[in-house]
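Residue numbers (the working numbering), protein chains in the order written: chain U, 1 to 202; chain E, 203 to 404.
If you're looking for bench data, these hints aren't it; they were derived computationally from the structure. In this text the structure is predicted, and so the values were computed from the model without any measurement. All C-beta atoms, glycine included, are put in the ideal place defined by N, C-alpha and C. It is possible that part of the hints are untrue.
[What the hints assert, rightly or not] Selected chain E positions facing chain U (Cβ under 7 angstroms, derived; list incomplete):
1. Leu234
2. Ser248
3. Ala250
4. Arg293
5. Asp388
6. Leu392
Here's the letter readout for the chains.
There are 2 protein chains.
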Amino acid sequence: MNKFGSQLLDEAVDQFATLPGVGRRTALRLALHMLGRDGVDVERFSNAFLNLKSGIRYCPECNMISDDGVCPICSDARRDHSVICVVESLRDVFSIENTGQYNGLYHILGGIISPMEGIGPSDLPIQELVARISAGGVKEVVLALSTGIEGETTSFFIYKQIASLPVEVTSIARGVGFGDDLEYTDELTLGRSMQMRQPFKP
Amino acid sequence: MNKFGSQLLDEAVDQFATLPGVGRRTALRLALHMLGRDGVDVERFSNAFLNLKSGIRYCPECNMISDDGVCPICSDARRDHSVICVVESLRDVFSIENTGQYNGLYHILGGIISPMEGIGPSDLPIQELVARISAGGVKEVVLALSTGIEGETTSFFIYKQIASLPVEVTSIARGVGFGDDLEYTDELTLGRSMQMRQPFKP
Numbered sequence: 001m002n003k004f005g006s007q008l009l010d011e012a013v014d015q016f017a018t019l020p021g022v023g024r025r026t027a028l029r030l031a032l033h034m035l036g037r038d039g040v041d042v043e044r045f046s047n048a049f050l051n052l053k054s055g056i057r058y059c060p061e062c063n064m065i066s067d068d069g070v071c072p073i074c075s076d077a078r079r080d081h082s083v084i085c086v087v088e089s090l091r092d093v094f095s096i097e098n099t100g101q102y103n104g105l106y107h108i109l110g111g112i113i114s115p116m117e118g119i120g121p122s123d124l125p126i127q128e129l130v131a132r133i134s135a136g137g138v139k140e141v142v143l144a145l146s147t148g149i150e151g152e153t154t155s156f157f158i159y160k161q162i163a164s165l166p167v168e169v170t171s172i173a174r175g176v177g178f179g180d181d182l183e184y185t186d187e188l189t190l191g192r193s194m195q196m197r198q199p200f201k202p
Numbered sequence: 203m204n205k206f207g208s209q210l211l212d213e214a215v216d217q218f219a220t221l222p223g224v225g226r227r228t229a230l231r232l233a234l235h236m237l238g239r240d241g242v243d244v245e246r247f248s249n250a251f252l253n254l255k256s257g258i259r260y261c262p263e264c265n266m267i268s269d270d271g272v273c274p275i276c277s278d279a280r281r282d283h284s285v286i287c288v289v290e291s292l293r294d295v296f297s298i299e300n301t302g303q304y305n306g307l308y309h310i311l312g313g314i315i316s317p318m319e320g321i322g323p324s325d326l327p328i329q330e331l332v333a334r335i336s337a338g339g340v341k342e343v344v345l346a347l348s349t350g351i352e353g354e355t356t357s358f359f360i361y362k363q364i365a366s367l368p369v370e371v372t373s374i375a376r377g378v379g380f381g382d383d384l385e386y387t388d389e390l391t392l393g394r395s396m397q398m399r400q401p402f403k404p
């Protein structure tokens with residue numbers, strides 16, 4: 001006997017369990033939920049991912065996802081086209097956009113330099129970034145990559161590539177998070193936040 | 203601009219968000235995960251639900267899901283065919299099976315009597331249960347429906363239908379859960395567990 005008495009259900013459970021953060025128990029719950037839904041609903045559910053995968057395009061400028069041509073951010077005339085924020089992934093763009101504190105453009109690398117995973121500088125669209133800057137009109141490049149060894153290696157590599165260009169290179173501020181207790185902040189973050197202390201503005 | 207710069211991504215996020223317990227934030231995370239997977243993987247994922255919905259069959263005996271004909275439980279000669287446990291849903295079967303404490307058959311109602319949702323006794327396969335008992339060989343029917351008004355109404359209705367048949371009708375034990383503190387047990391459960399107290403077996 002199959003685990004749940006049906007290979008079709010087993011497969012549905014297996015597939016839900018491939019999602020990050022979804023265990024077998026939740027996968028079963030979701031599969032049973034699917035079983036109880038209308039056929040039309042299930043078709044729409046399944047087709048969403050097939051269409052996403054087959055239809056998605058990327059912005060030729062910044063590598064942001066885009067259904068067609070240049071993405072809505074790059075084509076938004078109200079945004080500041082003189083600032084480019086370099087991020088690792090699409091998710092980072094959404095995170096930054098959610099803050100409402102940034103009005104420039106992005107450059108999505110789609111990864112970071114990682115010898116372990118065989119990702120070298122040439123696998124990332126760094127020359128494309130250089131080309132965007134060389135085309136003129138860019139005053140600042142904000143590096144917003146992660147702080148691990150790989151992220152810092154990537155930041156440093158990019159910095160070396162663009163240091164000679166007439167553009168200011170900045171990095172997002174690091175420090176103790178708002179609302180975080182010093183007690184529970186890791187030493188590295190707390191140490192850096194001491195080093196990078198700033199004039200108090202009451 | 204669409205929420206995420208792509209209608210395809212929006213739709214994928216929307217569809218993940220239709221799952222129980224999945225909020226917008228998780229839905230976005232899952233949709234981005236999908237975007238990063240191989241096309242073949244995504245096809246297999248989507249097809250699992252399409253196939254589940256179009257291909258699933260139900261056991262003519264107990265209404266358990268079954269890919270083909272009588273389900274693995276009903277067709278298992280090692281199980282005790284003289285006991286039938288009446289449950290509301292497939293999920294309840296899995297829960298009971300997981301305990302490893304039951305070796306009989308099931309009868310899945312697929313719902314309970316609910317005037318609010320327009321589900322009457324005739325919408326549930328209760329006559330099918332009567333028929334199974336009347337066919338002979340059944341010694342005990344275990345009622346394992348939920349304890350709300352609707353569940354108890356359903357249990358009572360079934361009891362009335364089968365009380366005249368030569369079968370013992372039992373109900374799963376209710377009481378304070380193992381490991382639960384009396385302090386945090388609801389009054390009804392604690393009250394019932396006092397009423398139904400049993401000889402102490404050390």
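Against the earlier hints, flag every one the structure doesn't satisfy and list their numbers going up. Of the numbered hints, 5 and 6 do not hold.
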